[in-house]
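A.B. asks: Residue strings, one per chain:
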Amino acid sequence: MKTDGCRHWKEELGAYALGHLSDEERTSLEAHLEGCPACRAEADSLFAVSRLLPHADPERFGPAPQPPPELGKRIAATIGDERRSKRRQRRLRLGLGFGGAAAATAMAVLAIFVLSSGSEGGPEQRVAFRALPSGIKIAATLQPQAFGTEIHMYVKGISSGTLCRVYMRGPGGDEVSAGTFRYRWGADESAVLSAALDLSRAEALVVHAGKRTFVAPLDRGEATDSNAPQEEEST
Amino acid sequence: MPPGALTDERDVREAYSAHASELYGFAVRSLGDSGLAEEAVQETFLRAWRAGERFDPQIGSLRTWLFAILRNVVIDLGRARAARPTVSDEGVEASVEPFDEALLSWQIEEAMRRIGDQHRRVLVETYYRGRPYAEVADELGVPEGTVKSRVYYGLRALRVVLEEMGYED
Chain A
1 MKTDGCRHWK EELGAYALGH LSDEERTSLE AHLEGCPACR AEADSLFAVS RLLPHADPER
61 FGPAPQPPPE LGKRIAATIG DERRSKRRQR RLRLGLGFGG AAAATAMAVL AIFVLSSGSE
121 GGPEQRVAFR ALPSGIKIAA TLQPQAFGTE IHMYVKGISS GTLCRVYMRG PGGDEVSAGT
181 FRYRWGADES AVLSAALDLS RAEALVVHAG KRTFVAPLDR GEATDSNAPQ EEEST
Chain B
1 MPPGALTDER DVREAYSAHA SELYGFAVRS LGDSGLAEEA VQETFLRAWR AGERFDPQIG
61 SLRTWLFAIL RNVVIDLGRA RAARPTVSDE GVEASVEPFD EALLSWQIEE AMRRIGDQHR
121 RVLVETYYRG RPYAEVADEL GVPEGTVKSR VYYGLRALRV VLEEMGYED
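Protein chains in written order, with my numbering: chain A, 1 to 235; chain B, 1 to 169.
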């Protein structure tokens, strides 16, 4: 199969797959391919690669951008927060009559939890943040989902570039992270986020925008600027 | 729970160190903004962790799974942008076609980065710039036959790298 006799032909196969051979070269190579299944197979596999080349942009063959070093830490921190609040939730469920359940049962409990929430795809709830400092608008709609709650956030009037961290506050004041987004003036005013907390159990929606914290209780739909801003927004 | 499921924080850290740079590189290419790309990658790992119990390495690679999640994240981001400035986004269906095309492009570009300089160079000169082999050979100070064989070994290297990356036709 891989005899030295084919070496010359094989080295032609790249140019052949790219359509770079002269008519003469191609004719004699194709004559060889007729009688050599190994070279034929090799040619086919190179054609499969050459067909992909037009999809790439040679201007982009340089080094790819790398994620900033703090991104990994931020993700680990968010997951850590979420795990701790999940564990508290689970403990709470276990306390309600599933006490002493083994690890295997914990899975079943979670499944029951998801099933019994039963509100997936239910009606969405609009949340209004009221009593906000003038010029700032924050609104959200919440939608129950199997995984928890889907949150559509809308923000306006804070400094462009502000990182907004969104949490849902559950029973007992636990905050479950719903993710973050960076507000950009005129561009990213809305974001879709999700929190692993059932909407029926959520008590408030909390937005940390830079150094400010905005809280909207879910039952009354009112909000206050719970922390006096420590730093004035420079819009 | 399938063995190999992504259940604890260490699994996520390992997944991050193995795949974050690729996911981020692609997210930047596809979203055109490093801030958005960071958010997309963060959201991807959060969703992966939340759904970690469902990840089954028997079905597909972790990389493929993470890219599938990133795909949904990017689509959601697109929806959120398309729906601006209202919060409700009903009826807005982001097209996935640009994502798939961008993913294909990005995979080939990434594969190009991973093959040797000499191989990439001859592919760029002969294929992308359409230059004659003799001219390229002259410039590189090698025989024309060497350019030809580098084109061959370059395509082979590209095929191997794409396979390693989990590219499927």
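Don't take every hint at face value.
As the list claims (entries may be wrong) - On the chain A side, residues computed to face chain B include the following (Cβ under 10 Å): (1) Gly14; (2) His32; (3) Leu33; (4) Cys36; (5) Pro37; (6) Arg40; (7) Arg60; (8) Ala64; (9) Leu71; (10) Gly80; (11) Gly173; (12) Thr180; (13) Ser194.
Honestly, the hints are just simulated from the structure, not real lab data.
Even for Gly, the Cβ is constructed at its ideal location relative to N, Cα and C.
A.B. asks: Confirm or reject each hint.
C.D. replies: Hints, one by one, checked against the model:
no. : hint   : in the structure
1   : Gly14  : 3 Å, holds
2   : His32  : 15 Å, violated
3   : Leu33  : 14 Å, violated
4   : Cys36  : 15 Å, violated
5   : Pro37  : 18 Å, violated
6   : Arg40  : 15 Å, violated
7   : Arg60  : 5 Å, holds
8   : Ala64  : 4 Å, holds
9   : Leu71  : 6 Å, holds
10  : Gly80  : 6 Å, holds
11  : Gly173 : 22 Å, violated
12  : Thr180 : 7 Å, holds
13  : Ser194 : 8 Å, holds
Comparing the model with each earlier hint shows violations of hints 2, 3, 4, 5, 6 and 11; every other hint is respected.
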